[in-house]
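Student: Kindly produce the complete structure, drawing on both the sequences and the hints.
There are 4 protein chains.
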Amino acid sequence: MIKIGIIGYGYWGPNLLRNFFSVNGCSVIKVCDLRKKRLELAKKQFPSVGITLQAGEIINNDEIEAVVIATPVSSHYSLARRCLLADKHVLVEKPMAKSSREASALISLARKKEKILMVDYTFLYSLAVRKIKKLIDRNELGKIQYFDSTRINLGLFQSDINVLWDLAPHDISMLCHLIHENPRSIQATGISHTVNKLENIAYLTLKYKSGIIAHISCSWSSPVKIRMTLIGGDKKIIRYDDLEPTEKIKIYDTGYNIRSEEKKRKLLVSYRVGDIYIPKIDNQEPLKEMAEDFIKSIKSHNEPIANCKIGLKVVKILEIAQRSLKSKSKEIPYQ
Amino acid sequence: MIKIGIIGYGYWGPNLLRNFFSVNGCSVIKVCDLRKKRLELAKKQFPSVGITLQAGEIINNDEIEAVVIATPVSSHYSLARRCLLADKHVLVEKPMAKSSREASALISLARKKEKILMVDYTFLYSLAVRKIKKLIDRNELGKIQYFDSTRINLGLFQSDINVLWDLAPHDISMLCHLIHENPRSIQATGISHTVNKLENIAYLTLKYKSGIIAHISCSWSSPVKIRMTLIGGDKKIIRYDDLEPTEKIKIYDTGYNIRSEEKKRKLLVSYRVGDIYIPKIDNQEPLKEMAEDFIKSIKSHNEPIANCKIGLKVVKILEIAQRSLKSKSKEIPYQ
Amino acid sequence: MIKIGIIGYGYWGPNLLRNFFSVNGCSVIKVCDLRKKRLELAKKQFPSVGITLQAGEIINNDEIEAVVIATPVSSHYSLARRCLLADKHVLVEKPMAKSSREASALISLARKKEKILMVDYTFLYSLAVRKIKKLIDRNELGKIQYFDSTRINLGLFQSDINVLWDLAPHDISMLCHLIHENPRSIQATGISHTVNKLENIAYLTLKYKSGIIAHISCSWSSPVKIRMTLIGGDKKIIRYDDLEPTEKIKIYDTGYNIRSEEKKRKLLVSYRVGDIYIPKIDNQEPLKEMAEDFIKSIKSHNEPIANCKIGLKVVKILEIAQRSLKSKSKEIPYQ
Amino acid sequence: MIKIGIIGYGYWGPNLLRNFFSVNGCSVIKVCDLRKKRLELAKKQFPSVGITLQAGEIINNDEIEAVVIATPVSSHYSLARRCLLADKHVLVEKPMAKSSREASALISLARKKEKILMVDYTFLYSLAVRKIKKLIDRNELGKIQYFDSTRINLGLFQSDINVLWDLAPHDISMLCHLIHENPRSIQATGISHTVNKLENIAYLTLKYKSGIIAHISCSWSSPVKIRMTLIGGDKKIIRYDDLEPTEKIKIYDTGYNIRSEEKKRKLLVSYRVGDIYIPKIDNQEPLKEMAEDFIKSIKSHNEPIANCKIGLKVVKILEIAQRSLKSKSKEIPYQ
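Chains as they are written, first to last, in this note's numbering: chain P, 216 to 550; chain W, 216 to 550; chain A, 216 to 550; chain Z, 216 to 550.
Be a bit skeptical, because a hint or two may be false.
Identical copies carry no separate label here, and so any pair may be met within one copy or between two of them.
[What the hints assert, rightly or not] Straight line, CA to CA, 30 Å or less: simulated DSS-like cross-link-like pairs of lysine-lysine: (1) Lys541 x Lys358; (2) Lys424 x Lys412; (3) Lys424 x Lys440; (4) Lys424 x Lys541; (5) Lys258 x Lys245.
Calculated from the structure, these hints are not laboratory results.
On a predicted model such as this, the values are computed, not experimentally measured, just so you know.
Tutor: Written as structure tokens, this is what we have:
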């Protein structure tokens, strides 16, 4: 039975607590938050759990083998570092840290200490993303050509990070998970309509040596909520709409083979070229799968799906995007 | 009765012919094309119309007061120039010319000759765009903040122009028509998946001094056809979906007034903030309205809605976008 | 070259004229209508066609081999009868006649005269219905269990027929075409909100010996236009949405095989059981196919798809439905 | 503090327990179920609650003022009767009882004992239904003409009741709540595709003296889940789609005033006549509102919204529908 402590019981904390409670082979024994009210809430919902205002009481507790960190991003590095130094396995909320330097340092430390360091990219555990991963790995799409994601809604205007750092990590982590290639260049543009100058609308473009283009459109200012990703290969194209209750993934035949023969002349294509296939995707809570993968990784010493390398890569891409935003939106090589 | 000649009877020609036939106060007396078969088709459908293989027979025909040019873009300049020199009013297909230099030269000539020079931005005559124009001009949206357009489908891979020159003119003309301000900078990025290196996926971003950002996403490689534009003001936001048969325009209350009071702290906003209103938009053929505006302008000596200044501005924006595409996607000032 | 006359040039007439013009192997030589204005319109669009105010000039014209009757339903019988007596092939608009007695008499006469008698059920020629027919005939759906159709909109309140006679023929003809079995009983209910007592909302239910139930919901009073049909088999279920531009037909796996094993106990089924498949359906004008089938039938002496037996059956079903409406909605056997 | 006992902890029980826990002014002190496993589950989630296998321990507990009965419908009558005799207030799951005789008897007993007897029509507490109620009561729709509901999905084939008793109560309770008039006649038709002869597809029609027609279409055999209700008045029409996350209620102008002037002649109406308005409906758990209404009614001695008269009426309508199903679907007067 792996004993777990949770540091941070804000918006996401209750979901983590509830899910770790339902995973076999572990038990949450203590929750920490700086706000007494939040702790009372945890106690009310889960009377068996211990509560504390001091992170140290979790970090220095010898019973506890693994710590879940769900605090604001600015504290991720110092808390995760302390936990690793105290020989705990660590699961940290996304994004992993506020810079790639911090993220790299944590990775080195975890390696030295031989501990699991994982980032909560819940998204990668959804059955829809798993299905997409399978289709790509089996080469059903053919050569990947583009990834185009729209993630917009009337959103929480964050006071410390812009819309890219808030919304794009979902798509970037998916991209890193699905595409086995580093981007060649990164470019971003955006606008702020608030006094704090943090972008509330932004567009991120990644280019790859193999010819893939990835474009991510983020906004907190859209009256319509959209979560739509197109992943185009030269054989098939996937449309992934995360808000669709029953048709999350649609697979379109492109009919590109027809086109290649006619390469030299114009080609008028109708609305659709081929058939569409909609696989059944079961409903299941990805957060529970993520929690299970953390426990499994601790036991097996294998890397989890949402591993720290993806965590680092996402932070790196966001950093370069930030530099592009400040450099007249120009493309910056991903070194 | 204004007598009209049409040069070019390809894909769009029959629509122009049919619509000018139905407009009062004008009559199409001659159609020219280089392909005999196309002319036979015109004759079959409209037995009263004259046909010719020689553009000169239209340009030098003293009876003809106005000429409609529906040929490939490379010939727009020379044909329109000849027509203006021969004292004809000219309606030219979009885009107006293949460079802003050409477009400017035509405008100067038209001014000197005191002739109408109009570009067929049919789109601007649709009742949906007219409704949007009215809403913006009455300040119902409040301060405009963004314009975000997606125009993607499995499309005709053009052999002479990239996807921006093919699809973006619709959105750029709408932008020039709706926003009474020149952009400050233009930036574009894209990719080509074909041997001819013409982009089949591209993204265009325009920034304005007043804080507006405009983003246009174009693709010939999407299995889903989307024609969706969001126009966001600080009071209301319009969602314009041109493929919707009955709900083309949706107007969303943003509830931004509530937000401004809470500017300093975070704000969690739900799916929707306010009510939605869907005005009834009648179905009507915009091409006929465009044809009528051409005839009306000739008679009244007033500028048409789809005037040559918009035509020039669209070409200029496309030219700068092209330069950005070749300069690591960086922002280029619109001079 | 089969020469054709058209009697009746109202709402549907121009579509018939245009399509018969484009069919090879026939030519429309004369059009008749009681309104001079309509004839002038025909002449303007098709200068080569003759016009007349006298149906007799078509019926007694020896050159004419086939007549298309597109007049109000009350005149179908007498006009079709005169045409058949004059040895013409006849295509009559739907519904075939205002009673089954009339329809039967026309069938006998056509048989005696060895002429084609066809009803314009354009619908049966749509590629969507053809695809459904193929799927059913290949037994891909398994045993058919139900047919459920909704055909509602804000409609033309007809002054001579109720909503069932106006809208249901589309569904009933489809039903007769797809299901190779006569109904066992017919039942209808409805309401009139107008002074003329003609139902503007009505529901029609047909039961079959094999266990099929068919239900057709018709309304002229719905603010939403719906054209949706579910055809359920024990293996697969088709959803046919005629207003969908690109996904007219969706084929659902039912997963019934799983269920049958658990017949004896309750079964909680989620939103969807199996995969969905959306075949590509080309866009094509069914009216042209119908026109071609008429000409082909005349030449080959074979029955057309939209044959007079289906025409008679539709009228018979409507007649019985009418009796049920007047008999406290009770089920009436289809004899 | 009103003390509550819950009898029955099956599918719905946990939702009831959780919601009554969150209501102020009451506390659930004991839960009863015949299955030990279910009780352990309750205990795990709510350690403070008492558990028992004996309903008597709740019914005869003097501390308990109010009992919630969430058992199968066959036991509703006897349990509710025992609770009322023991001077408890009673909230019973829908449908209230298995016959109108039973429901009437409970109502009489509750009246004699001066206790609240309420039926859990959660639906009536949804903000969407509340909005519709307000619109109708303010006469915004004008004279109501029809109510048309579709409630279909791939469903739980119940082993004791048919699809009407399973799904229609939602719509019938809404109908009784919204329309202040008893139906004049009831008619039902349907089919069973299973060996137990319980209808899995059924259609229910109610007619009202004032000219309203209500039609409810129920199916456990549809691959598509639909929850759609149209409520048509002569001024406005509401479309209520319960599966829509953000546009549950759409209000359509009918434009009927235009029509009435032209009553005598045909009227061709386009897709839509007037504008559409989509009010914002907040998300909120109706079950909590229902629980609060129960407690409020106990304290104030006022009738709850989901009162026992609606409960009785629903059972009565279902009974008559059942008789119509067995009498060749004929209309039966509602006495």
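Student: State for each hint whether it applies.
Tutor: Here is what the structure says about each hint:
Taking identical chains as interchangeable, the C-alpha atoms of Lys541 and Lys358 lie at most 30 Å apart only when they sit on different chains, with a minimum of 25 Å there against 33 Å within one chain. In this assembly of identical chains, the alpha carbons of Lys424 and Lys412 lie at most 30 Å apart only when taken from different copies (15 Å versus 33 Å within one copy). In this homomeric assembly, Lys424 and Lys440 come within 30 Å of each other (Cα to Cα) only across copies, at 28 Å, whereas the closest approach inside a single copy is 32 Å. Both within a single protomer and between protomers do Lys424 and Lys541 lie at most 30 Å apart by alpha-carbon distance, with minima of 24 Å and 17 Å respectively.
Proximity of Lys258 to Lys245 under the C-alpha cut-off of 30 Å is found in both arrangements, the shortest distances being 10 Å within a copy and 21 Å between copies.
Of the numbered hints given earlier, the model fails none.
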